Amino acid sequence: MSDAIELLLNTSLWASVLRIATPLIFGVLGALLCERSGVLNLGIEGIMTMGAMSGWLAVYMGAPLLVGLMIAALCGAVMGLLHAMLTVPLGLSQHVSGLGITLFASALAYYLYRLLVEVGDLPPTIEPFQPLNVPGFSDIPVLGPILFSQALPTYLALFAVAAMAYVLARTPLGLAIRMTGENPHAVEAQGLNPIRIRIGAVVVGSALMAVGGAFLTTTAFNSFFPGMVQGRGWICIALVVFASWRPGKALIGAVLFAFFDAYQLRLQTAIEGVPYQLFLMAPYVLSIVALVLVARRAEIPAALMAPYRRGER
Amino acid sequence: MIVRLERRTHVPLHLVVIAPLAAIFTALLLAAGLIAAAGVNPLMAYGEMLTGAFGSRLSITEMLTRATPLIFTGLAAAVAFRARLWNIGGEGQFFVGALITAWIGHSLGVLGWIGIPLLMLAGMAAGAALLAGPAFLRLRFGVDEVVTTLLLNFIVILFVGLMIEGPMRDPLAFGWPSSVPVDGDFRLPDLIPRTRLHIGLLIAIAAAGAVWLILARTVFGAETRAAGLNASAAAFAGISLPRTIMGVALLSGALAGLAGSVEVMGVTAGVTTTMSPGFGYAGIVVAMLAALHPAGVVAAAVFVATVFVGADAMSRATGVPSFIADVIVALCLLTMIVALLFTTYRVRR
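Chains as they are written, first to last, in the UniProt record's numbering: chain P, 1 to 313; chain L, 1 to 349.
For reference, chain L alone in the conformation it holds in the complex (with noise of 0.2 Å):
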């Protein structure tokens, strides 16, 4: 049997919308037998994920606490993942961002809530200066980011380390060490009374909306497109590749800075190296199972921290490990670039 693959000239809106839950469909199928292996009744697991994410008012402002970084992290991947721009950096750039964010916030003295948005640039200004260095290794010395990018996660995590153990230490902490507390002036306002929702979810639907205009409105980003479709044919239809390229490496590396900012504000006040149970990977899967699309990040933000808050309650109530969310997001990113493949192209006999 030969079957051809044949690029659509025209992608139908039914796939963009079929593909992510086709995606996800068939992950959950495929983790249904780790479930079964478990010894556990798959759907009454799945049943348990639903409950324990939307179960009640305090299950869904904490979904929607854990989804407001992903959407964050998901917007930095998408961005750069559409020019080609492979940052998998956005645990480091998380962290950057948090870091000085408690830095800052810590020692500004008293500015009032005019401090917020203040935080907000530093850290967006750390995300993007983290992200800066390995797009100018690649512009200028063809040094792969992918490569860069993941080893510098790792130098972060040890440097937010050291300064939590050293300069930035609480000595107020117990247990585990963690960074000085931002000025309660710096906590961002509860959403919801008496739950942990801040209002940092609105600044990221916010960002999703700004990250779709600048993408589908500006000249940047019709330029960030033509040089994620065809390098070549961009470069000589005039856009400057490095100045385009290094323009998003600034913006997704804001965008996951301002993740660690936000949640820093909104959630944690101090720093700790366990404060993300990888935000800046799971970005990834968020950005792919959107297809790259900002207003489907939103989506798929909450869709992934449904599956990581409903399995730490599944997991308590049936003994099934919660590495299964982990598992459970992987298979979707796999199913996701198989079932864009079928959005592209279409099989011809």
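Bound-form chain P, shown alone (with noise of 0.2 Å):
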């Protein structure tokens, strides 16, 4: 048990927390923006691993790592689109296309995976994103290497947070997302088209998901193989209302899963004679966990899976 503690004093946990933790509030930021629309996107799974494949196969092909986030972000968009096109204008079930998208998107990545990629005993590798120092903050004790010496999509994705709470919170075009969620014919009597804004919503969430899943691929990891994913797309979902749909609850819901992931792994190898699944079950357990708790006062956005038809009530 005193190993247990001894565990929490360990700086690479804490390195790693921030790290276990970007592909998530990429994800969860997407979904909030989806659902601050209006919309919720249950392609996100399918999305994540998509961005996954394709900011892999891009880098893969020789393009700079950079380069690969963006067409990830691209194919997530895509996907998104599609996603959108279904539920917006022809109002169809959020549920049902969501899921279609999530299996559509996950096994056209496989198959143009299997295609493109010839794969031998071991998955083909790429050189993935490299901790980057932060000048002069890196060498601080202790909160250096836990903040301070992270792979650029981190950073990303820490600017992502704050540049979505700010355009949510303080911008016409995010009061306009809001309004969207909660009232679209306010939003009509304004003179504005909801069906533009839960679209493009949609797209732009879906590519941030997009780019949290080629975090896995070029960051996390350094190759792809089918179910990487691992269900982290459902977590953000979860995570969303375990965030009450705001971006700055988000990072710390984010951060605060990260944290329990990356101990798991630790107490894993640390604790003998219990089965490592149970360790492995800990996350989706705690999801489920935390959607009960906050259940109950969720503010949820009013319109959130209405369809919206201009002239009807």
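Please note: incorrect hints may appear among the correct ones.
To be verified - With the C-beta cut set under 7 Å, the calculated list includes, among others, these residues of chain L facing chain P:
#, residue
1, 63
2, 154
3, 155
4, 185
5, 343
Don't read these hints as lab results, they were simulated from the structure. What you are looking at is a predicted structure, and each value in this text was computed from that prediction instead of being measured. Ideal Cβ placement from N, Cα and C applies to all residues, glycine included.
With the hints as a guide, dock the two chains, each given alone in a separate frame, to form the complex.
If you want it as structure tokens, here you go:
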């Protein structure tokens, strides 16, 4: 038991927290943006898989790492556009369409990977993002390695949280997005087009999800393999509820979650005699518990999952 | 151009039949582009798929063996979706049904064939119990069941891994870990000798009939439909929504659990983590292609099984990755929901 506590004092545990949180931060921001505009995007799991594959593939074929992230974002945006077209102008069930996107995007990613990549005994690898030391800060004892020695996408994720919080809370665009999620008729009355706002939010949100997926293959690991997203998308959907649809709280949720994940990974090796599957279950169990805890006081966007049709009430 | 969608007061029968056919045709057309990208003639590839699923007595029985669990999981999704209970946990319910069947079926001693229905009941109970949790959380706390059932799938697969590497490990299994097998008495008899096709297919078709009876001819079935069409109107009419939703959850979970139970007794004998190529998820596509109708589920399950079994054979013959099957099935789901839109609405200028 003392081992378990000793682990908490280990700097490398805390340094890994932000790394593990990064794909979740991108994913939860993307899901949050879609839902704030009134569209549930259950395509997230497949979109992250697509992002993981396409970002990796671009780099494998010779593109620079940052271009890889952009290609991933583009592929995610295309999938998002498909979900948006089905659920916003056509008003189809967001649940079923989202699941369809997840099945389609992951199947397509696996198919294209098999088609375009020669896989031998081991999956081929790329040179991933390396940790970037922030000059002057990374040498600070303890805090330096935890906060200022991360890979570039992690800093991008933190910047995205700030940008999302600012845009949603402080700009006319953010107000329009939030209003579309609460009362699209009021948006229409203001002379804005709720259909376009929703499509835009879903496309941009899906691009963010895909970048989260690409982090897995361009930073956390250096190869792609089927099933690697492992339910992170669904966990993000739970985290949005946990965060009450607020970017700042979403960051806290993702980091908290990543801490438990990092801790259980280390406990697996520290504690013997407990089946490792029990530790691996922890993130999923934790997500369900988090959902139950906040469900009562969740401030759900009022028009979430309600299709908008002009002239209909 | 301004188009308006106007709800049809009556859905003509020919549209009900045309919609899934149009959806499947469109999906195959879209997937043809991907097959062509692999440098293979799509028509030839689809020909290989048909031969792979229908070309011989053996391939037909293999296809029907694959369709059997899909009928159960398709029914599970159809029952739930009708009441707007989004049960995406078919995969997890399949595995708990399989696991409990192997566990009891191995340790129950000699009961003879009488044990078979008992084991099915056990599988159904396990599946129902697994979905009762998320249904309770939705009714009591308002927690969305999509996320909880999805997360439970991951938890269950890990639990299966824990059991088959630990307490239920088969000491005689080589290579990948497998659970202990069910007793020989509890293996389902073959439907056609010297093939893998077992009487589970008949049980699945009977289940489809039973579900149709329940939905079309009982008060519970009418309440289910009312709850799905308009929950507040149903509540106003005096239908207890929590009771209906919980009833639907138990029925849906039981059907998915039965899929796992029958698969263990009919095909695999023991449980492995790879025994399902996504039966639970594919069941959602089956249900949607069937427009949530029990009779349609049987036909749609045969179609999806054809795609899966056919794609394996086609992949061996042409080198097109067999993931094309998952692409086709997913595309069918997306095209089908668009096709359904045209059966419930008409386009007005």
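Now for the hints, and whether the structure bears them out:
Nearest Cβ of chain P to the Cβ of residue 63/L: about 20 Å, over the 7 Å cut. The hint is violated. Hint on residue 154/L holds. Least Cβ distance to chain P is approximately 5 Å, under the 7 Å limit. Against a cut-off of 7 Å between C-beta atoms, the interface hint on residue 155/L holds, since the closest Cβ of chain P lies about 5 Å away. A distance limit of 7 Å between C-beta atoms decides the matter here; for residue 185/L the minimum to chain P is near 31 Å, and the interface restraint is violated.
Among the interface hints, the one on residue 343/L is violated; its C-beta lies about 13 Å from the nearest C-beta in chain P, farther than the 7 Å criterion.
Comparing the model with each numbered hint stated earlier shows that hints 1, 4, 5 do not hold.
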